[in-house]
Amino acid sequence: MGWLSGTTVAMVLFAVGTTVLIVRKDLVIKLLALGLVNSSGILFLISIRFQPQMEAPILPAKVGSAIADPFPQALVLSAIVINFAILALSLVFVMLLVERYHSTDCERIEHAVETEKAMLGRRDRTVNPSEGDTREETR
Amino acid sequence: MISRTVLLLLLPVIAAVSLFQRRRLSAVIGMGLFSLVLAATYLLHSSPDVAVTEAAIGAALVTIIYVLAIRRTGRLLVVGDEVPGLLALEGGEFVGLEVDILAGFARRLGLDLSIQIAPLCDVETILLRGDADLGAGGLSAVPAIRLHRSRDHLPTALVRLRPEADDRLPPEESPATDRCEYPGTSPISSRRSSAVNRLKRRSTWRAFSRFRGPTSRHGESTDSPCPGASRSSPPPGGRTCVISSARTSPSSSAAGAWTT
Amino acid sequence: MILPLFPLSHIFLGLAAIAWRASARATLIIGLIVDIALVAIAFSPAAHCLSSTVAGGWTDVIGIRLALDSLALDLLLLTVLLELAVIIYLWRQRLRPSFVILLQFLVGAVMALVLSQDLFNVYVILELLTLVSFLLVAYDRRTIQIWASLKYLILASVGMSIFLLGVAVTYANVGSLGLAAIQQAVAANPQAGWIPLAAALLVAGVSVKAGILTFSLWLPDAHSAAPAAISAFLSGLVIKMGIVVLIRLAGVFPLALVLQILGAITGIGGAIYAMSSTDLKRMLAFHTLSQIGYLLIGMGVANETAARGVLAYALAHGSFKALLFLAAGAAYDAVGSTEIAELISSRHRIPLRTRAALLLGTLAIVGLPPFDGYIAKAPLLDAAHGWTNQILLLLLGIGTAASFAKLLPLFKGPYRRVGNDPVWESYVVLALPIVLFLPIERALFGPAIILPAMNWVIALESIAVVATGWLMHRVYRRLSVRPSESLFRLEPGMFAILLGFVAIYLLLRLG
Amino acid sequence: MRRIVRTTLAVALSLAACGIVIFNHPIAEGGSRSNDTIQLATETGATNLVSAIYLGARLYDTLFEVLVFTVAVIGVRFYLLRRPSSARAAPIPESHVLQASAQILYPLTLILGLYLALFGHLSPGGGFSGGVVAASGLLLCVMSIGVETVYRRLSGAGIERLEWALPMVIVVVCVLPVLFGRPILSSLLPVGRAGRFFGSSSILLLNVLIGLKVLIGSWMVLYAFIRHRGEI
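Protein sequences, first through last, are from chains V, C, L and R.
All residue numbers for the first sequence refer to our numbering, where the first residue is 1 and numbers rise by one.
All residue numbers for the second sequence refer to our numbering, where the first residue is 1 and numbers rise by one.
All residue numbers for the third sequence refer to our numbering, where the first residue is 1 and numbers rise by one.
All residue numbers for the fourth sequence refer to our numbering, where the first residue is 1 and numbers rise by one.
Sample of chain V residues facing chain C (criterion: CB under 7 Å; computed from the structure): (1) Val9; (2) Val16; (3) Ser47.
No lab work stands behind these hints: they were computed from the structure.
Bear in mind that the values here come from a model prediction, so they are computed numbers and not experimental data.
Ideal Cβ positions, reconstructed from N, Cα and C, are used throughout, including at glycine.
Take these sequences, add in the hints, and give me the full structure.
Below, the structure is given as structure tokens:
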């Protein structure tokens, strides 16, 4: 079972996450997949220098046994919190979009935003006062 | 060693299964479970600190926030006229029997309720235009309301749900509703039927609803309130259904017929 | 020893701004004063004693090294410059404490990043930058901004997880995350199998943040949707942070070929889209891409002059791009639109100083001789050996000139005074380095760097490039071919990141 | 058709990216240099080596991580609290079983959070996980006595100011050693014998500060979400 290490599984999780991130249209699912991608990085970092029979890095360890490297674990703590922050904020934004469009479908929202953008340009142009004389000038 | 292998094998399976769920809530719960398994995996990789943090943040906090966030992502638009006792605006709030029913219905579906007041003569137009999902506010008191098949460019099914062999409808309603009825679609058996049942038992009411887009396709309510409609013609855009009940039908016996 | 104070002071001030709401404006001023003082110390002769330190006095193996090298000095200067300009620009607006804290965090994170010599530290700071700019882009809460911002966050977060994988691979093989240790490990065994993998992961991850095509497909939307002052900051400074990390990585891994190819794609792609864009802010955002292309090609050349040229160009680009974005914001306030046709037709309502600022920015960005665009580009043109690089740089120059030729009618009369231009002081702050770039560059990078700018061949070449660009604009205007904008959606962005990673890996492995 | 092509492409690209990493598998020679780490424990006085690194050697990273969390709190509050609240529905769950069990569980959870934060330098845990666990205790509290009650009591204690003041205190704790002639970001308080509760008092101090900050921050995030969404 040498091939079944944490790193391999982490990369499989990464592949699952990116696939779902592309294939599924629902924004909430996309965020879940994003969380999965981020977790895969963490699992990868944890398991990269790990070998079975290692003890947890808390002293005093059992005599004669190697302890796992504490360094990646300390890094990973930061990464977990960062992922939480990203998730909370993106969820808030998804909620704002849902409030506006009543949909979590990514393509629908994208389409609506693009239409809105086009409408915005047009409205600005028509709303402008004193448009007639400026047109004259450019001619 | 073996437990580590099992957990490692379990991780992608849980992730893939939960991310390909149709219902968002299932996906969220599945990813919460994934986080727990991940925390156990960290523990078996001799990193208890990371395991504790992952369990606290990934499995608890994140899942709670997700569940809070996806609670209500849609809106149930109701249009109706003010009828004292049924639907009325008092001090900026809607009160009345039908409001209570609608609130319960919206809650069942996981939607936000939003009520608009419109003159009775416009309710039908608004509903048919698709600007609202349900009509309310003493609609049954006006026999003159006529229903039409939806416009042709909307692939919708207009379904009437009523007890089988219920011929005690007031005669003036029949021509209007019959025109939009699909045969053989009346018995409903779904989770939602209890909601409909509640509606029917408690009030004299009639509603037209057109459940639009994502709330019915991706949302909480993938099993639609009128399954007959989806069976007869799976509509891509939305569906319209009419829920109508007779004023005169005795509630207890009719309820039995509804939940077949 | 005092190096951590650069970011920490801003962080403290930002938190003070939100804890005591009345003090928001005061903290901005205090932050500025502290910055100027610190930069003055950094430039003083005593600076060598603070040039490098490990935070907290730990060993290099596990600690985080901070260093004040020429790259850091260059960007610190740019930071202070932009901070000053943006604060002046924002001064008369209502400033919410939450805005001030985000601005302070942005400045603090930028300073921390340019000083950092540790890969994981870079990761954390990049994430902080991502989140802060994510919130700032959508600060007005228009739906367009929210969507642009969300897209940015999702793509940047995927990029950052790829970067984290790269950090993990590096740590597994080096045992430390300090750049010096990694450099030693790579130098000891340049053929090791992990090097292409780690380099590809790190480069692909950071490219998402650095405005490199085809990784950064979020950039045009986010930079054009943001409020003007934020656009100036993002385009002038924050996008350079990815470049800073790339420069650091290029000092460790053999990346010259990859950077050149990425630079070519980024530059040409950005220029094409900029030429066909009809919105001023969007065009400026595309231009950021094309200028990033310049920087990458310069980095790919990998010799001493080019490296200094890159630094000089980063500084110059920051100043004129910020000037253009700020002026575009003022023009939007006056006209109510950023469509170029609209701006031209109601140009009489744009304040004169804003128009002057747009003109100055345009002259600088196309690279006409007395201004900083030209002076900073000259070393790159001089150092780029080989005909591919030469042609690429020329093409980029032509593309820039061709897209900015659209703005020329904006500067025609009538020149009536309309209203007061409330933010002209910030234009002055940014215009000073644009006009007086020669002595600044000489002071920063030594006298050798200004020699190419004095070369009349290069000057003539630049003028010829601008003229060609103008001609090209006349031709292109009549063509109806426009590249599709649907590339800048979420899903192509995801595809591009994965594809880019695979491509970079193959390049590093085979090339 | 387009969908099939897209799905295939997505799967293929993801697998390619994943395969590249798997087949260049960085082989771990594994383990930590035990001398280094034991020395680390004596230098910081923390027997939990992860804490020793997290709040010792890499305090600078941790500081930025706290800031990332602060930014998240700012963002959530800024974007959610000004939205119209939809707290019409009852904040207290209808189920009495849930309510009763929440009442019993929440003190336990708060104590667990406190333990994790206080003993983070000796055993698994730390400020962050402690704070989050305590915040979920507060959530249970909300289930038993209602969200507005909890909110009133907590804001009566002035937690909002504290949310912004705590990171400032952390920054000050990081900078203060400079007054004693030690480098910035080194430990503020003296280091005692490894393994004692007060053996590494500055890590203990930081753990408590971070735990409190995270507790308040998580509560503010949760409150914003609950208020926006109505009920639990």
